[in-house]
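There are 2 protein chains.
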Amino acid sequence: MTFGYHDRIARVDLTTGQVTYLALEERVLRQYLGGTGLALRLLYDETGAEVDPLGPGNLLAFMVGPFAGTRVPTSDRFAVAGRSPLTGAWGESDCGGRWAGALKGAGLDGLLIGGAASSPVYLEVEDGQVQLRDASAYWGVDTYDLDLGGEMVCIGIAGERLLPHAAIMTGRSAGRAAGRTGLGAVMGSKKLKAIVARGRARAPLYDADGLAASVREAMPKIRENTKRMHDYGTGGGLETFERVGNLPIQNWRKGSWPEGAAKISGPHMAETILTGNYACGGCPIACGREVEVTSGPFAGVKGAGPEYETLGSFGSMCLIDDIEAIAKLNELCNRYGLDTISVGCTVAFAMEAQEKGLIEGGPTWGDGESAVRLVHEIAQGSTALGRLMSQGVRRAAEALGGRALEFAIHVKGMELPMHDPRAYSGMAVGYATSARGACHLQSLASFPSRGVGMPELGFGDPERTDDAVHGVINARYQDMMCLYDSLKLCKFTQFAKVNLTDIANWLQRVTGWDVTVDELMQTGERISNLKRLYNARLGLSRKDDTLPPRILTHRRGEGGTPDHLPHLGRLLADYYAFRGWDEEGIPAPAKLRELGLA
Amino acid sequence: MTFGYHDRIARVDLTTGQVTYLALEERVLRQYLGGTGLALRLLYDETGAEVDPLGPGNLLAFMVGPFAGTRVPTSDRFAVAGRSPLTGAWGESDCGGRWAGALKGAGLDGLLIGGAASSPVYLEVEDGQVQLRDASAYWGVDTYDLDLGGEMVCIGIAGERLLPHAAIMTGRSAGRAAGRTGLGAVMGSKKLKAIVARGRARAPLYDADGLAASVREAMPKIRENTKRMHDYGTGGGLETFERVGNLPIQNWRKGSWPEGAAKISGPHMAETILTGNYACGGCPIACGREVEVTSGPFAGVKGAGPEYETLGSFGSMCLIDDIEAIAKLNELCNRYGLDTISVGCTVAFAMEAQEKGLIEGGPTWGDGESAVRLVHEIAQGSTALGRLMSQGVRRAAEALGGRALEFAIHVKGMELPMHDPRAYSGMAVGYATSARGACHLQSLASFPSRGVGMPELGFGDPERTDDAVHGVINARYQDMMCLYDSLKLCKFTQFAKVNLTDIANWLQRVTGWDVTVDELMQTGERISNLKRLYNARLGLSRKDDTLPPRILTHRRGEGGTPDHLPHLGRLLADYYAFRGWDEEGIPAPAKLRELGLA
Chain A
1 MTFGYHDRIA RVDLTTGQVT YLALEERVLR QYLGGTGLAL RLLYDETGAE
51 VDPLGPGNLL AFMVGPFAGT RVPTSDRFAV AGRSPLTGAW GESDCGGRWA
101 GALKGAGLDG LLIGGAASSP VYLEVEDGQV QLRDASAYWG VDTYDLDLGG
151 EMVCIGIAGE RLLPHAAIMT GRSAGRAAGR TGLGAVMGSK KLKAIVARGR
201 ARAPLYDADG LAASVREAMP KIRENTKRMH DYGTGGGLET FERVGNLPIQ
251 NWRKGSWPEG AAKISGPHMA ETILTGNYAC GGCPIACGRE VEVTSGPFAG
301 VKGAGPEYET LGSFGSMCLI DDIEAIAKLN ELCNRYGLDT ISVGCTVAFA
351 MEAQEKGLIE GGPTWGDGES AVRLVHEIAQ GSTALGRLMS QGVRRAAEAL
401 GGRALEFAIH VKGMELPMHD PRAYSGMAVG YATSARGACH LQSLASFPSR
451 GVGMPELGFG DPERTDDAVH GVINARYQDM MCLYDSLKLC KFTQFAKVNL
501 TDIANWLQRV TGWDVTVDEL MQTGERISNL KRLYNARLGL SRKDDTLPPR
551 ILTHRRGEGG TPDHLPHLGR LLADYYAFRG WDEEGIPAPA KLRELGLA
Chain B
1 MTFGYHDRIA RVDLTTGQVT YLALEERVLR QYLGGTGLAL RLLYDETGAE
51 VDPLGPGNLL AFMVGPFAGT RVPTSDRFAV AGRSPLTGAW GESDCGGRWA
101 GALKGAGLDG LLIGGAASSP VYLEVEDGQV QLRDASAYWG VDTYDLDLGG
151 EMVCIGIAGE RLLPHAAIMT GRSAGRAAGR TGLGAVMGSK KLKAIVARGR
201 ARAPLYDADG LAASVREAMP KIRENTKRMH DYGTGGGLET FERVGNLPIQ
251 NWRKGSWPEG AAKISGPHMA ETILTGNYAC GGCPIACGRE VEVTSGPFAG
301 VKGAGPEYET LGSFGSMCLI DDIEAIAKLN ELCNRYGLDT ISVGCTVAFA
351 MEAQEKGLIE GGPTWGDGES AVRLVHEIAQ GSTALGRLMS QGVRRAAEAL
401 GGRALEFAIH VKGMELPMHD PRAYSGMAVG YATSARGACH LQSLASFPSR
451 GVGMPELGFG DPERTDDAVH GVINARYQDM MCLYDSLKLC KFTQFAKVNL
501 TDIANWLQRV TGWDVTVDEL MQTGERISNL KRLYNARLGL SRKDDTLPPR
551 ILTHRRGEGG TPDHLPHLGR LLADYYAFRG WDEEGIPAPA KLRELGLA
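For the protein sequence lines, the chains are A and B, in the order given. Residue numbering for the first sequence follows the numbering used here, beginning at 1 and increasing consecutively. Residue numbering for the second sequence follows the numbering used here, beginning at 1 and increasing consecutively.
What the hints contain is simulated information worked out from the structure, not anything from laboratory work. One thing to keep in mind: the hints can contain errors.
Remember, identical chains collapse to one label, so a pair may be satisfied in a single copy or spanning two.
[Stated by the list, open to error] Here are the simulated lysine to aspartate or glutamate pairs, EDC-like style, with alpha carbons at most 20 Å apart:
1) Lys221 x Glu360
2) Lys543 x Glu398
3) Lys254 x Asp563
4) Lys356 x Glu583
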């Protein structure tokens, strides 16, 4: 048994009901660590190019990291991965909550789920064993109402209906989501309602005392540096983001909305609907919001509240400045099991289509009730408009055609999250190149200028909008984010001044490996490159690394960055050159050999 | 009768055989002048969005300008326009020769041709009358061998076979082509083999003596400033273009090819295969080349020789440094009636596809005989590869899919001409925004830095690769080029230091209108905007204004501009803002009112 691991992955075939267990070589674990990296390695090897995202051939991986179940802060996280129904390319999502710890406690490092059941099932994991259970009685049940007696991941009716924005939900009042890339629909296509895990098994640690001491030492700096996030959640930064031009407004048209931002911010939430906060397992930050709306049109909302991405997607993107409406929209998405970013962006897209006369009966700017109506229609497919918009921005725009393609804001089919590349050029190249489509979490390279980042990598304090450096910085950040996603650490630990030296130290104490920062970064690079190979096998290449024309050519003319437009061609050229990728944006043989991927 | 015009456009319905004649209002003539502008106005009004480029509903316009048949130098030119079979959008091509003067001499300013004949026909124009003649005996006849007793425009078998690269040819040994956008296929779809014109009618001039005096005065400066073009043709600049990074090499991959460039240059042609030069009607420049190949594998070539675009497309693009092979390829295209730019680029594309193993039996880099073979196969459709490549780069790449899309170098479906936007950012925005797809002739804005241009517009000598100015300069240049294309002046008069004041003066003498340089530039702007409206009606907008990823992200790393990449987003933003176009790249109402287009 390898330190930090149970060395046990369950392989479930839902068509036959058969469950087998894989043991992994230590060499593979050290090269891919866990989480996203390990999921990727297994999926790359086990699924070919022709698998249908919603067919039984698609494998869905749930994977925790070597820190799960340990004292390492923010490590109660899991990755879910498979071919995305939203983009058709590499799909992955990272999620907190308390399920990862429970799965590790149940004696597994992960599950690989293939095939498809003929009627609804759920999985129960306990004592290292996976059991299939009948879920017929739970099909159609709201995520809030589902109780299977343990920590679970589950889908709502969006996943059951195979919507490409369907999320996988977990935690109390479904407050945590593996939201992006539509992997909830993959669960739905397999008729898999949920996975419950129970247990307290511990994977062995190489140096438990040393780890405990090191974590104890780190805790005060984490608490100290994340106080604002503890108090105000991720929405605490929203007004700052509005001021610097980072907050998208009205489907990426406007650059300034200060009064609206003030009304949907974390501090405003704290003064109004906030009732408390909550944390993922082992996390001292506790950025999660608990909210309640007691009166008005949205009365009855109670549970997990909206975080920054949701405040942006349903708030500034839709010009909705009513925090109670946003809380309602957030709860609806959590209940239905929908990704709030993609759905909020789709509602904003529908508002613009309505304004421009391309649809009828759609929602209108700033009108929370019309947005609530459309979310119901999307989830339930109850109207033609709901069915159209339920396919997401790219497909809805393709169906509408013509002008609608002008304001369909996505990359590779995934709607953009709430960070504007016209404020941070790093985000431009990050969105354009991320394997799963427009992704801010693969590229926190927007933030070095704000004092956050990894001094070990030697990046100073580059000008926020300087295109000269961000191609290279972004490549390094993506590698680092692949590392985080594989170790399953929350990226907010960066804000907490946790650095790569801390992380290497923890991994040494857990596994006994003599890992260095350099090895960790090369592991991240290996995973970045293998994601690229996964997509290349599906026909994706440099031609798909681009941004919507509104982001490339539309100056907002107001706000914190009124004029800047990212020089995407230059950023990409720098990025590819640094990565050692060829003229088609594919890892060149020399790079593959260097990373042991040849 | 308006000075400078016969006020007579023939409207031919080939389905019924009916010919009618339109008289035009002076107001419309002054607003659109002739050539491209007048063709555009008529086609915009008479054809809707749903016309099939190769259906009988497509109207094909042939139009001369107010200077045709006068002493104004380089005015023996015509425009041909219609919906393009290559791009599906606005199609136009500009052409010299001696046919425009003959058509004016036959008493017409232009023809509008609709419907489709049931068997091959040609048109005969004489004494202001158009007659339909049986062309059954001429169908399938080589452009070199066709003789209908007068100046004519005609198609070869490429047009008969409806190839989207089919050109309309004119002049001795078919040396002049309305090459781009595939309008030869529109003639083919109408079963129209040729249009012959004969006559010596003169449109009335307002001030013939004043015009003669003014032209006499201009002639020495034209001769003096175009001596190199007279001696070496357009290929005279090829080596300079190679040195500064303007010459595309190996399907836009490389930046340097000095030894090859020396072997395909105008001076080298003069030392080898050149036998003389020739001029379009009334042109003192005489850039046309006469060549003959008397020995070797390409012996037998005799007639019009390759000009710069052809030397680039079949030469540096294909790494073919054998000028005799290029002369052969040029003659083949002229005989078949094919656009040398698009076909040369398609051969280069096929060479890269062959190198990368995506096709079999294709041509190989530098091998002229394999290129000759493919051109025959394209024109005749004699092999599967020929049929695939006969559809042009965009469609061939779409059919091949995957990696082929990475090196399919086109804009809006039209292959790029021989000027690299990585040397001249002005070309980047020009290619991206030109209505007919990648077009260098709508945007000579690459050249201001080289001392060529219009001082009246107030542009100095901007840095060649400076992205800060080219968005705006390009808009002005496109307007100016629309003006030239409507007056039907050769753009080489710019190199001859003919300026807008000269042109306004000539137009005053011809028409009696008190036109100013400002009015002329506004006319050009009106035409630019109406082209944009034509394409907008077909669903084109800002999203279609882009460049292939190789141009945007691939640094050549050698040659005159090894590192520069155009900042297309910024260039476009400047361009749209200056143009007064909206967030979708469509002329805004205020601009349309200003131009009388509301």
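Hint by hint, work out which the structure violates, then give me just those numbers in ascending order. 1
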